[in-house]
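Chain residues, written in single-letter form:
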Amino acid sequence: MSTTTPEVEFDDVSKFYGEVLGVNRVTLRIPPGITSLVGPNGSGKTTLMNLMAGLIHADRGALSVRGFSPREPEQLMRVLGYATQYDAAPRGTTGMDFVTTGLMLAGFPAGEARERAVKALERVRMQEAASRKVASYSKGMRQRIRLAQAIAHDPEVLVLDEPLNGLDPLVRAETIALFREFAAMGRHVILSSHVLQEVDILSDQVILIANGMIIAEGQIRSVREEIHEHPSQYLVRCRDASRVASLLFELDHITQVQIQDDRHGLLVMTRNRREFSRALTRVSLAGHLVESVVPADENMGALYEYLIGGDR
Amino acid sequence: MTNAIRMRQVWTIARLQLTRVFFSKRSFWVYLLALFPSVIFLGHGVEVKWKRERWGAQKTESGILQSIRRGDTDGEVLQKAGMPITDFRSGAFRRRREIGGENEEREIERRYMMFFDGTNRWDLRFENGILQSKRSRPLNDFDEDRQIFAGVFQYFYLRLAIFFGCLGIFMNLFRGEMMDKTLHFWFLIPARREVLLAGKYLAGLIASVLIFGTGAALSFALMLWPQDPAQLSAFWQVEGAVHLFWYAAAAGLACAGYGSVFLASGLLLRNPILPAVVILLWESINGILPTLLQKLSVLYYVQALCPTPPPVNANAPLLVRLLSAPAEPPAAVVSVLGVMAVTAVVLWISSKAVRRLEINYGVE
Amino acid sequence: MAVYRRGYQRYQGPLTGEWDRLLVLPRFAWESLMQQRLIAILFVLALFWPAGCALFIYFSHHLDLLQGFGGAASNIFQVNGEFFFVFMNVQSFAAIVLSAFAGPSLIAPDLANGALPLYFSRPLTRTTYVFSRMFVLAGVLSPVTWIPGLLLFAMQSGMAGWGWFAENYRLGLAVMGGFFLWILLVSLIAMACSAYVRWRVVAGALVLGLFFILGGAAELANAVLRVDWASALNPGRSMEQVWRAMLGLEPLPGPDAWQCAVCLGLMVAGLAVVLRRKLRPVEVVS
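If you read the protein sequences in the order shown, they are chains P, L and D.
In the numbering used here, each number is its position in the first sequence, counted from 1, plus 1483.
In the numbering used here, each number is its position in the second sequence, counted from 1, plus 6.
In the numbering used here, each number is its position in the third sequence, counted from 1, plus 341.
In isolation and in its complexed conformation, chain P is listed as follows (with noise of 0.2 Å):
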């Protein structure tokens, strides 16, 4: 397989829907791993999967997904993989069908095609669904069939639209696995995604996307310690909770501290992370308990709060 260059390039990329803005000057590397493209709807995150699958061209800038163009589908196309939003299927099409079709269309022999496809299939717990019209199928197993077709000829990019959207528990957790595992052997899974629970334990790194334009990209922590305007928050918890909190209030960056009611735990906000760090080494030395810290605001939906707002 071909490893031209292993990222995801938007070099100054902008699309536009008649007068109607789809993304407006996109500057983006994305490394191989699991990247979520968090916002609200109409954001951008489909017209920018769809300007890397070649779907739709930028009017302005260039991008290249691991070095090819995504006017040259030929080249692409057999490195990519995308499971869209679009929910039909051609008529009459059988969720086997679906998936042979697609790897023949790709230059598989019929044999191997099928082959292929009933190990994609098993993948996405589809197997005995497969014989059916894809027209019958729930929204959960519609999702799972486009995704066995994206995933069928092992792309090194995987480009899902909302993949969790209609899966039931079980098979939402096997399919988070199976993002891990393509994105362990150093490929790209980019998908866009609305569960920002599911955002926080998957992704390796975020892109948060509001009206058409970049908001943020990075780790989560990464992105979390570029927002200044917010003080962090941490939970700690503690034997004597009233006495470290006054010990804690009397510091200059600490701006507010809540007592919980089982008073044994802290809410912190700081607006000096690395004082507070040093802050509660001190609590310690002089002889409180202090039994764990975590950062309660290093997650995607305090991020997406933070930089978009409530407007889901």
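Watch out, some of these pointers could steer you wrong.
Using 35 Å as the maximum straight-line C-alpha spacing, the simulated DSBU-like pairs for lysine-lysine come out as follows [stated by the list, open to error]:
| id | chain 1 | residue 1 | chain 2 | residue 2 |
| --- | --- | --- | --- | --- |
| 1 | L | K187 | P | K1616 |
| 2 | P | K1622 | D | K619 |
| 3 | L | K31 | D | K619 |
| 4 | L | K86 | L | K31 |
| 5 | P | K1616 | L | K31 |
| 6 | L | K358 | L | K140 |
For the record, the hints were derived by calculation from the structure and aren't laboratory data.
Computed from a prediction, not measured in an experiment: that's the story for all the values here.
Go by the hints and put chains L and D onto chain P.
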């Protein structure tokens, strides 16, 4: 990627698309269009053979029928010629006429009789019991049948069936998939857009040529079926195979030409009615356009390949005759090359359009 | 007590009748149709011929204004059954074009977007839905068919006097009745085509194509079989024959008015079957 692999891709795409074109429910009406004339010609063949047998048992001497004159009463005719094969009375209606400056209205009742003399059928029309008209024609006339087939081929097949059939088949290849929200499925395969276009066009071409070519050939065969064996044998010895070949070639070229045009319209425009109406009008007025413009039409080349000119209805209004007048025909080689050139140009335009085409289901 | 019993209270007020609900859909549909530029243009174009006919009637009563024609004017400018037949013929074509563009946008989007379950989850039956959609088309086609027809008839009656009206009142009835039949047929064809293909623009092409192809097929059958009964397969031609009978005119060659009426009845039944099969509030797996 080598050209050989691309060719294989074209064929794979065509094969998969062909299954959809041939077996989709939407294709039902295309089959209906293609096979309708065959059904009618079959009906005609059965009718001719049946009538020849049945009427032959009740024939009237041709001399007697010739002696019947306009103005004879229905009673006199029955007395002379005996029982007719059919005898039919229409409902009464009122007719107003100006006689000597005054309007006269009278009730009319029509009666139609038909006799057979072994070769010809004689149609007699009476009004209020008086013979108004007498017409004889052969039960079956090979030359007339060939003329009618030429008319059916040029007016029904070329202008309606192949036109609307190709509209349905080729528009569906891209625009239909866009409507069904399934076009992305094709765009996500590792093939150049031009390869996809070629595969889909090939599928449409194979399907339309097979459907309409078979339909036209079947109609031709069924037109020949009831003919006199001696006439038929002479026809095959002299020109039969040539006629069949040129009709098939004309059908094939029409499918290739219209197919490319409708494929391009489906790629370039969202609403197929307007281009279809414009092309239909353009093709219809082709015969009265300047020579240069005539050459930008599929019908101009295709009609020239047809071995028999279609019958022109002298009673048709002037405008209709004008619109259906065939253009000055080019040579066969020019026709074939002309259609191929028009097709190539249109496909080249399509290849540019398909590279720019984007998936945007929301606006459909 | 189950939670929903505390929170949910069923609507207890009065409901409108089934036939009143029929008007809910047309109310918005007319508005949105007339906002389409193409429909508005076609609508205006369709009124040119009635305006010309009105002028014709006017001149037929003011022959002194037409001295250039000499004595022929009185022969040319006659308002009779033939006049109304020609008027109906032209307007029937306008009705086809209007229904080809306006008709499919009424049903096809509902089917394509799965809106039928939404409608049928209301107290609205399939029949009511079809009638309401037909009502929309009737509303669009009436101002270009029977309304100008009746206005022309009234104009002629007014100018020619009571005697003419008493002698020719059946012309007025024929214009109205003939156009009602035409609106019924054209609306059903437009709705059946759009229910069959679900694609608005193709449905429009299908409506136009159907009239062309049925006409061509009828001529083909007549030519090959050397008959004239196949004209009954052409809905336009069949309707002409029925109109001629209603207007008391000499019939065209071919099947008589009753035979044509039976054919048209069968077409209407066939179209109703298509609508019944296709308008289902369920997703059909294909």
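Unmet hints by their number, sorted upward, for this structure: 4 and 6
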